[in-house]
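Undergrad: Listed here are the chains, written in short residue letters.
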Amino acid sequence: MLVVDRLSVHFPTRRGIVQALDRVSLAIEPGEIVGLVGESGSGKSVLSYAISGLLDPSARVIGGEIRWRGAPIGPIRERRTTRAAVVQIFQNPRASLNPIRAVGRQVSDVAGQDRVAPLLESVRLDPSKARNYPFELSGGQCQRVGIALALACEPELLIADEPTTGLDVITEAAIMQLIAELSRSRGMATLLVTHNLPLAAAHCHRIAVMHAGQIVESAPVAALTQSARHPYSAELLAATPQHAATPDDLHVIQGQLPDLVAPLLPCRYATRCRNRRPDCDLSPPELAPVASDHLIACRHPLC
Amino acid sequence: MAPLLWTILRRLVLGLPTLFGVVVVSFSLTRLLPGDPAVYFAGAAPTPEAIADLRRTLLLDRPLPQQFAAYLGDLLHGDLGRSLVTGQPVLQDLSTRFPATLELTLTAIALALLIAIPLGVAGAMRKRSGIDHIARMVSTTALSMPSFFTGLLLVFVFYYLLGVAPAPLGRLAPMGFPPPEHTGFMIVDAILSRDWAACRDAAAHLVLPALALAIAAVGPLTRVTRSAMLAVLSSDFIRAARAYDLPRWKLVYAYALRNAMLPVLTTAGVVFSFLISANVVVEKVFSWPGIGSYALEALVASDYAAVQGFVLAVATLYVLINIAIDILYGIVDVRVRLGG
Amino acid sequence: MALAAALHDGFRRDPLTAITAGFIVAICGLALIGPWLTLHDPLATDSANALRLPSWHSPCGTDQVGRDICARIVYATRLDLFIATSAVALAIVVGSALGSVAGFFGGWVDRIAMWVVDTIMAFPLFVLAMGIVAALGSSVENIVYATAIVNVPFYARTVRAEINQRREAGFVEAARVSGNGSLRVLAYHLFPTTVPQLAVQMTLTMGWAMLNAAALSYIGLGIRPPTPEWGIMVAEGAGFIITGEWWVALFPGLALVLVVLSLNLLGDGLRDMIDARERR
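Protein chains in written order, with this note's numbering: chain A, 6 to 308; chain B, 5 to 344; chain C, -1 to 278.
One or more of the hints may lead you astray.
Simulated restraints, written as ranges between beta carbons of each label pair [what the hints assert, rightly or not]:
1) G237/C / I195/B: 52 to 58 Å
2) S238/B / L287/A: 53 to 59 Å
3) C158/A / L20/B: 51 to 57 Å
4) K134/A / E185/B: 52 to 58 Å
5) A48/C / G188/B: 28 to 34 Å
6) K134/A / S176/C: 54 to 60 Å
7) A42/C / Q70/B: 52 to 58 Å
8) I12/B / Q118/A: 33 to 39 Å
9) P224/C / L13/B: 54 to 60 Å
10) H6/C / G167/B: 41 to 47 Å
11) C158/A / I12/B: 39 to 45 Å
12) R252/B / G69/A: 24 to 30 Å
Worth flagging that the hints you see were computed from the coordinates, not collected in a lab. In this text the structure is predicted, and so the values were computed from the model without any measurement. Virtual Cβ for every residue (Gly too), placed ideally from N, Cα, C.
Take the sequences, apply the hints, and build the full model.
TA: Put into structure tokens, the structure is as follows:
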């Protein structure tokens, strides 16, 4: 349904050209819940904006394309010739709503007055809240409004960009449960973009791991959590805090994300990688299957 | 409703120190006159008795605090002194001439908004395009033009060269009869008494001075509209609204522009300051019988009571306008109104 | 020097600002040496040649008593620039002092200083300038003082905001710990950091100060004829607009608009440059 095919995106800035995405490939089938996991600054949001068409006009696609049901679509929504039923919910729910307009009015702007009450009910929000303004609602309630707005567009793909970051754990669970249920009942595919690997593991069918603008591994959840083959994925798994552990047991991934403006090595994880060999610097690693539905971009994967 | 009343009250009380400062400054101005103030206020060729009399009235032989208290007392009674030129109380002179200034200023504001807002919005929507450069050049040039020059240019082009505007000799043609006065707004009065000839005449005389004033306001208004729109257009909720495929006109007007108007409203106070100042000069160019030309005539005639009265009245008005704008902002911005 | 390099870099990115900067420098040059270059005496009247259209002999024409307008404009450059520059300089000195102590010491000092500034800003500024000149008497000096006073708030607020922002910064602590008294810390360590914003503010208000002074002269305060000054020249020429002798008022007015426009453009360019650097 949605195919991102070797997409490369650059941003010209005052400091230089930010090489935000490098030959990113991703596929999402109808009804799938796919997780996109990576550190802050790994390019997850850039990819999500490219798919939903909200990329900054200064962005340049320098290679590859995005296809919706076979038809190519651009990174700026208003210029697309084919309309893709993709919609997005955002990281800071309150900031993503019009601050001086009642939430009910905002929903009716998108869906029409008649659908306001049913939509609010479907996100488990009391329809009487329609009269309220965003600042009068909690973060969780604002995110529910965001989901209602997204649903009003009858999407086939929902991109959830860090939807629960900044919410407390209980609200987080409720929102994730809501998204999962809606996904099932409407047959809606979901792309869950998050830095929180356990969260993705709990709710997704498949996870794609991203590092410095490159997809390094893409696998079903079980395969990834039990037998991650890319060194970075393994590090991410190891860094997850465990219940019984103490702070001293916390695993830290060595190194930092490389500066995307400076000249970069073909494999952008090389400087932090324990498995680095001389031939890693020769040419970029391609995403290739190591098992059915399990792709990695690495010359020397873990066994 | 209660929070709103509290806001108004609180804002009024907060404005008191400023108002007090304004009164202090006005008082100091009258006492700063080089030489003997009594001589100034007595006018041309005063007799020694008149001067002595005035010195007693102005309490110039008493200590300053007492003089100030007396001045304050006079003000609270609405006594701004007496004009030498007209012989009337200054406050009366000002209130008679105020509607003319108000009609001119309100028209100018309406004109300025009609020009500035579309320009600012267009410039922000198409940043760095042709229209944006035009918007920026227009606003910067408008900011750089002194109002007296703008007025003269307009008179030259539209009256002398093109002949479409009437001579800059006031609100009506010299031989024209003003309509019976109800509001003091000549156009409104003309409509009320169905005097269409006077209405057309008044409107024709209003256009050029209002335009000259409007140009003074277009500079800051265009700039703030453009920058406010730019800030709003790059905000998170606008990006989110794009994701929901809102129709473009709704996105621009109901979502972006309405939010952008908030900073524009706070700039309105500064714009008023520009306009009040520009009024003085424009009224001179067009012989407009408002409070600005009143002050100028008083200056020329060394009618100090009138000048100082004018300064104080205008400053007080300005303080009140700023308070009103603050309150209005509190109403329009839902977050303030509902105590967010 | 770092400043020269920064300016060069900035001008390279933004040629319009470079051009306007050059124009301003040229105007200053004109103010300084212009009077030696003009062919006519700005005060010499010649009634036989009154109100002549612009020609080779008199590029801007002659006014109602036969004086060459071009020469008068050139002489007026000096006077107008002098008034604007001294007013702004005075305003910067007083405003910075006020803003510095307000931002640094806070508390009562801050409240009183801001009360003064707010009171000045409570008046429509031109009206206040009018009132001050009316009270002090009509002279060039008093126009400078009046214009300076109404400009003080802009600088006071800018400096106060900058100093307030950096008051708790590390380098201030370090300076204090190494034995510098409060005033020394303020003057030598904190104040220099406000200079970039101050420079931006200066170019932005310089144009406005010039318009202010010209408007005061237009309404008859300060400059006495026959001294050439742009505002008073426009006032003298105003009456002739209706009878068609447009050049008497137009050329001085245009001179004023051009200089103020350049100052504003320069201010905008400088602000963009400095903002960009601070963001980096």
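Undergrad: Work down the list of hints and note, for each, if the structure agrees.
TA: Structure-based check of all given hints:
1. At about 34 Å, the CB distance of G237/C to I195/B disagrees with the hint of 52 to 58 Å.
2. Taken as a hint, the range 53 to 59 Å is violated for the pair S238/B and L287/A, whose Cβ atoms sit roughly 41 Å apart.
3. Roughly 53 Å separates the CB atoms of C158/A and L20/B, a value that falls within the hinted 51 to 57 Å.
4. Between K134/A and E185/B the beta carbons are some 54 Å apart, a value that agrees with the proposed interval 52 to 58 Å.
5. For the hinted restraint 28 to 34 Å between A48/C and G188/B, the CB-CB distance of approximately 43 Å leaves it violated.
6. A hinted range of 54 to 60 Å holds for the C-beta pair K134/A and S176/C, which are about 59 Å apart.
7. Our hint of 52 to 58 Å for A42/C and Q70/B holds, since their Cβ atoms are close to 55 Å apart.
8. Between I12/B and Q118/A the C-beta distance comes to about 35 Å, which sits within the given range of 33 to 39 Å.
9. Roughly 56 Å separates the CB atoms of P224/C and L13/B, a value that falls within the hinted 54 to 60 Å.
10. About 53 Å separates the C-beta atoms of H6/C and G167/B, a value inconsistent with the hinted range of 41 to 47 Å.
11. In this structure the hint that C158/A and I12/B lie 39 to 45 Å apart at CB holds, the actual value being about 42 Å.
12. Taking the beta carbon of each, R252/B and G69/A are about 29 Å apart, inside 24 to 30 Å as hinted.
Violation of the numbered hints given earlier is confined to hints 1, 2, 5 and 10; the remaining hints are satisfied by the structure.
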